[in-house]
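A.B. asks: So you can see what is in the structure, the chains are spelled out below.
Number of protein chains: 2
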Amino acid sequence: MKKIISLHPIRGIIIHCNPPQILALTFLFFIVVGACLLKMPVATYTSITWLDAWFTATSAITVTGLVVVDTGSTYTLFGEIVIMFLMQIGGLGLMTFSVLILMMMRKKVGLRQRLLTQESLNLNQTSLGGLLRLVKLLFIFSITIEAIAFIFLAVKWVPAYGWADGLNYSLFHSISAFNNAGFSLWSDSLSQYVGDPLVNIIITGLFITGGLGFTVLVDIWDKKGFHRLSLHSKLMLVGTLVINVTALCILFVLEYSNPETIGNFSFVDKLWGSYFQAVTPRTAGFNSLDIAAMNESSILVTMLLMFIGAGSGSTGSGIKVTTFVVMLLATMSFLRGKNETTAFKRTIKSHVIVRALSIMMISISCIFIAIFMLTVTENAPFLTIAFEVISAFGTVGLSMGLTGDLTTLGKEVIMIMMFIGRIGPLTMAFVFAKKRESSIRYPEEDVFTG
Amino acid sequence: MKKIISLHPIRGIIIHCNPPQILALTFLFFIVVGACLLKMPVATYTSITWLDAWFTATSAITVTGLVVVDTGSTYTLFGEIVIMFLMQIGGLGLMTFSVLILMMMRKKVGLRQRLLTQESLNLNQTSLGGLLRLVKLLFIFSITIEAIAFIFLAVKWVPAYGWADGLNYSLFHSISAFNNAGFSLWSDSLSQYVGDPLVNIIITGLFITGGLGFTVLVDIWDKKGFHRLSLHSKLMLVGTLVINVTALCILFVLEYSNPETIGNFSFVDKLWGSYFQAVTPRTAGFNSLDIAAMNESSILVTMLLMFIGAGSGSTGSGIKVTTFVVMLLATMSFLRGKNETTAFKRTIKSHVIVRALSIMMISISCIFIAIFMLTVTENAPFLTIAFEVISAFGTVGLSMGLTGDLTTLGKEVIMIMMFIGRIGPLTMAFVFAKKRESSIRYPEEDVFTG
Ligand SMILES: [K+]
Ligand SMILES: [K+]
Numbered sequence: 093m094k095k096i097i098s099l100h101p102i103r104g105i106i107i108h109c110n111p112p113q114i115l116a117l118t119f120l121f122f123i124v125v126g127a128c129l130l131k132m133p134v135a136t137y138t139s140i141t142w143l144d145a146w147f148t149a150t151s152a153i154t155v156t157g158l159v160v161v162d163t164g165s166t167y168t169l170f171g172e173i174v175i176m177f178l179m180q181i182g183g184l185g186l187m188t189f190s191v192l193i194l195m196m197m198r199k200k201v202g203l204r205q206r207l208l209t210q211e212s213l214n215l216n217q218t219s220l221g222g223l224l225r226l227v228k229l230l231f232i233f234s235i236t237i238e239a240i241a242f243i244f245l246a247v248k249w250v251p252a253y254g255w256a257d258g259l260n261y262s263l264f265h266s267i268s269a270f271n272n273a274g275f276s277l278w279s280d281s282l283s284q285y286v287g288d289p290l291v292n293i294i295i296t297g298l299f300i301t302g303g304l305g306f307t308v309l310v311d312i313w314d315k316k317g318f319h320r321l322s323l324h325s326k327l328m329l330v331g332t333l334v335i336n337v338t339a340l341c342i343l344f345v346l347e348y349s350n351p352e353t354i355g356n357f358s359f360v361d362k363l364w365g366s367y368f369q370a371v372t373p374r375t376a377g378f379n380s381l382d383i384a385a386m387n388e389s390s391i392l393v394t395m396l397l398m399f400i401g402a403g404s405g406s407t408g409s410g411i412k413v414t415t416f417v418v419m420l421l422a423t424m425s426f427l428r429g430k431n432e433t434t435a436f437k438r439t440i441k442s443h444v445i446v447r448a449l450s451i452m453m454i455s456i457s458c459i460f461i462a463i464f465m466l467t468v469t470e471n472a473p474f475l476t477i478a479f480e481v482i483s484a485f486g487t488v489g490l491s492m493g494l495t496g497d498l499t500t501l502g503k504e505v506i507m508i509m510m511f512i513g514r515i516g517p518l519t520m521a522f523v524f525a526k527k528r529e530s531s532i533r534y535p536e537e538d539v540f541t542g
Numbered sequence: 093m094k095k096i097i098s099l100h101p102i103r104g105i106i107i108h109c110n111p112p113q114i115l116a117l118t119f120l121f122f123i124v125v126g127a128c129l130l131k132m133p134v135a136t137y138t139s140i141t142w143l144d145a146w147f148t149a150t151s152a153i154t155v156t157g158l159v160v161v162d163t164g165s166t167y168t169l170f171g172e173i174v175i176m177f178l179m180q181i182g183g184l185g186l187m188t189f190s191v192l193i194l195m196m197m198r199k200k201v202g203l204r205q206r207l208l209t210q211e212s213l214n215l216n217q218t219s220l221g222g223l224l225r226l227v228k229l230l231f232i233f234s235i236t237i238e239a240i241a242f243i244f245l246a247v248k249w250v251p252a253y254g255w256a257d258g259l260n261y262s263l264f265h266s267i268s269a270f271n272n273a274g275f276s277l278w279s280d281s282l283s284q285y286v287g288d289p290l291v292n293i294i295i296t297g298l299f300i301t302g303g304l305g306f307t308v309l310v311d312i313w314d315k316k317g318f319h320r321l322s323l324h325s326k327l328m329l330v331g332t333l334v335i336n337v338t339a340l341c342i343l344f345v346l347e348y349s350n351p352e353t354i355g356n357f358s359f360v361d362k363l364w365g366s367y368f369q370a371v372t373p374r375t376a377g378f379n380s381l382d383i384a385a386m387n388e389s390s391i392l393v394t395m396l397l398m399f400i401g402a403g404s405g406s407t408g409s410g411i412k413v414t415t416f417v418v419m420l421l422a423t424m425s426f427l428r429g430k431n432e433t434t435a436f437k438r439t440i441k442s443h444v445i446v447r448a449l450s451i452m453m454i455s456i457s458c459i460f461i462a463i464f465m466l467t468v469t470e471n472a473p474f475l476t477i478a479f480e481v482i483s484a485f486g487t488v489g490l491s492m493g494l495t496g497d498l499t500t501l502g503k504e505v506i507m508i509m510m511f512i513g514r515i516g517p518l519t520m521a522f523v524f525a526k527k528r529e530s531s532i533r534y535p536e537e538d539v540f541t542g
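These protein sequences, in sequence, are chains A and B. Using the numbering used here, you'd call the opening residue of the first sequence number 93 and step up by one each time. Using the numbering used here, you'd call the opening residue of the second sequence number 93 and step up by one each time.
The hints are simulated quantities; they were obtained by calculation from the structure and are not laboratory data. Even for Gly, the Cβ is constructed at its ideal location relative to N, Cα and C. Just to be clear, a hint being listed does not mean it is correct.
Unchecked claim - To give an idea of the chain B side of the interface with chain A (calculated C-beta under 8 Å), a few residues:
(1) 389
(2) 434
(3) 453
Unchecked claim - Reference excerpt, derived from the structure (chain A facing chain B, CB under 10 Å, subset only):
(4) 388
(5) 390
(6) 391
(7) 396
(8) 419
(9) 422
(10) 445
(11) 449
(12) 452
(13) 454
(14) 464
(15) 468
(16) 473
(17) 474
(18) 518
(19) 535
So that you can see chain A by itself, here it is in the shape it has in the complex (with noise of 0.2 Å):
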């Protein structure tokens, strides 16, 4: 974070900045312009209002998919094409962008870009030819995928909706899924196809995709094997699918007889209900069932998944699930009497559980300031208020119902959650933090925890 990037045709404004004020600003940067270009005319068919449009943009860069007016009705094609290019930069720009935007000043790459690099990929940190190389992939991936799915959804939609309106469908819900915008041109999202298996596989394998990051899947493509995978894909795949697979059966159990969501439903529908609900908080923010149907139990446990949310440097947002996993690793190895956490045959190091520990504090303390203000500000049932902070958090865009009823401030409160959100809690930190030297060595001594 020591190095300082002066960025010469707006060398007035963003002078001095560290890479995590320049992501920042990036953003601000788009929300801005996305806002601007939402409350033209042409972009909805009845006025917005600033607030609202801004709210959208902010929604639709930090893919979070919380909406204060139903997309599918209120904004035009062109409105829509907005929607679109913001939920692709805020998605598969995060890490790419400001990879790209230091490349093309021709500096040392930063400290986050660094980090990712080496670890998963094993390039050299100097070496342009590896950087572009990696750009490339992401992009080649991303289209790539996105373009499977829109035939895939195209073939099923073209005919149900004609050539305008499907393609426009298909080409909406693939770039808001794999990007985990949850997006949706459908007020009730995705409800009329929750037993649909082409819709169901599609959409989720887009997001699931989307979310485990993107170094994750060029190590996959790099080496072929799991054993081969560096210890973070190895966690990513594993923590990912455990996660799934105990959300889908416990969420499976509290739902089977709630007439609300899957009780009416045949067994495969509850199965296919219960499934996307299990992996949507993760956090892509589509619903097949309505939220605020589900029981309290279910609830609880959506809200714990939208607070791990995805993979680092992923479309998705939330503390990552390797910061979840890092963290469970720690403290099972001090249960154990172990000096060291361990994983795969490989040793997590102390500082990677002390950045974990840190992230979760930061994480907690910034939700915990959020429902405090929300519930000064709003008239609603307080889990519906920590449902709403801890989704806009996490980018994933669930909600109970609450979105739409916020006052000004409430608003204002969730869109900066998204914000933090999705720019991430340490990168948030850091863009106020400063580095401080120090030479000074203390004597240890212990404390006595707990």
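Got chain A sorted already, so can you dock chain B with the ligands onto it with the hints?
C.D. replies: Coordinates of chain B with the ligands only, in the frame set by chain A:
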């Protein structure tokens, strides 16, 4: 935890127990004895169920103070004396008794005690004289403090309630307060004394002192000067002060114009009410205001305070002030780009940070599971359930009114939470965990988190 102790007289039952297991078994033993005594006809005016006797004994020995039957009107003097003994054993005894048991067996003291004595008293770990001195000090401190408080309260309550009741009230509440038990003989706890300076100062003085932890008290007694205190004592004192003052300011502002709490009080009474409600969640559990009538935002702050709790080896529970402070310090150091966490010119070892993280993870997991179970078994608002669970885990005893209405299963969940909360989540985990020695060292590999 490796040392295996064989207790000669009842060798068959608790042979091969480690210290945490002995602690847990001791508590279970007193719960059984206490429940049997409270179920006796002589203990109550009207018969109570076994479940309620069981619940009261658990609540008393874990110094929680959650009640399913009103203490003052249900229990006779005999029943009240049983509760007093249970509170004294559960609070004062938690650490003292375990040291004593180990000493009586003339074995080396366990890890927990070794850490405590080493850290704050600099006693030689094999010195029986040093340990005896510690235990003697603990008893002298506790009895002296309780006696002084008893006299002050008696001066107030004997004229008001006559000799018999006045002395009973004074003794019961001074024991209940010092041990952070929170049991009161009045059905509305201390609400009638909300603006009374004497009761406010004596009761809060008792539970704050008890909640600092004996090691801190002995340290202050020995060192007589802040700068010469151990790091643990410094963090406890500063942490407690900062948390209490912050909580007082927040609650004062939030409740200032709430007519159901302090809204209609004079300015001074507003201050007393906020002060009491700011310090009681950690983890005394008396209340002078109606919890259920507070704003949701105040309740959220109270829940955080209950989660943090009191000091290690004190009469209070929770994750402990030092656990919270260590995590905060680690996060701040990390954000500042420092490799080490420091406080008061001392370095906090990384294994202390991992221990704090482990306590946090185990605690949150326990709380999450308990809330989850109660959302299934109980028909109550989410916030009420979450409040009850965190109150039980922190052995606080504050309630939004759910305790008496709990289902049988709900009562059992809350009893288990009180037990885990008092024994300590870490100790509880050690009861089941087995030490594994590993001589294999794996290469280090980074994982990208957040
Ligand atoms: K989303
Ligand atoms: K208590």
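A.B. asks: Could you run down the list of hints and mark each one as holding or not?
C.D. replies: Structure-based check of all given hints:
1. Residue-level restraint check for residue 389 of chain B holds (minimum Cβ-Cβ distance to chain A is 4 Å; threshold 8 Å).
2. Proximity of residue 434 of chain B to chain A holds as hinted, the smallest CB-CB distance being about 5 Å (cut-off 8 Å).
3. Interface hint status for residue 453 of chain B: upheld, as the beta-carbon distance to the closest one in chain A is roughly 4 Å, under 8 Å.
4. Because the smallest distance between the Cβ of residue 388 of chain A and any Cβ of chain B comes to about 4 Å, under 10 Å, the interface hint for this residue holds.
5. Interface hint status for residue 390 of chain A: upheld, as the beta-carbon distance to the closest one in chain B is roughly 9 Å, under 10 Å.
6. Hint status for residue 391 of chain A relative to chain B: holds, with the closest Cβ pair at about 8 Å, below 10 Å.
7. A cut of 10 Å between beta carbons decides the hint on residue 396 of chain A: the least distance to chain B is about 7 Å, and the hint holds.
8. Interface hint at residue 419 of chain A: satisfied, since its Cβ lies 6 Å from the closest Cβ of chain B, which is below the 10 Å cut-off.
9. Contact between residue 422 of chain A and chain B, as hinted, is supported at the beta carbon level, the nearest pair being about 6 Å apart and thus within 10 Å.
10. For residue 445 of chain A, the interface hint holds, the least distance from its beta-carbon to any beta-carbon of chain B being 6 Å, beneath 10 Å.
11. The interface hint given for residue 449 of chain A is met, as the beta carbon of that residue sits about 5 Å from the closest beta carbon of chain B, less than 10 Å.
12. At a threshold of 10 Å, the smallest CB-CB gap from residue 452 of chain A to chain B is about 8 Å, leaving the interface hint in force.
13. Hint status for residue 454 of chain A: holds, given a least beta-carbon distance of 7 Å to chain B, under 10 Å.
14. Evaluation of the residue 464 of chain A hint against chain B yields a held restraint, the C-beta minimum of about 6 Å falling below 10 Å.
15. Nearest Cβ of chain B to the Cβ of residue 468 of chain A: about 5 Å, under the 10 Å cut. The hint holds.
16. Below 10 Å, beta-carbon pairs count as interface contacts, and residue 473 of chain A has one with chain B at about 7 Å; its hint therefore holds.
17. Of the supplied interface hints, the one on residue 474 of chain A holds, with its beta-carbon coming within about 4 Å of a beta-carbon of chain B, less than 10 Å.
18. A cut of 10 Å between beta carbons decides the hint on residue 518 of chain A: the least distance to chain B is about 4 Å, and the hint holds.
19. Hint on residue 535 of chain A holds. Least Cβ distance to chain B is approximately 6 Å, under the 10 Å limit.
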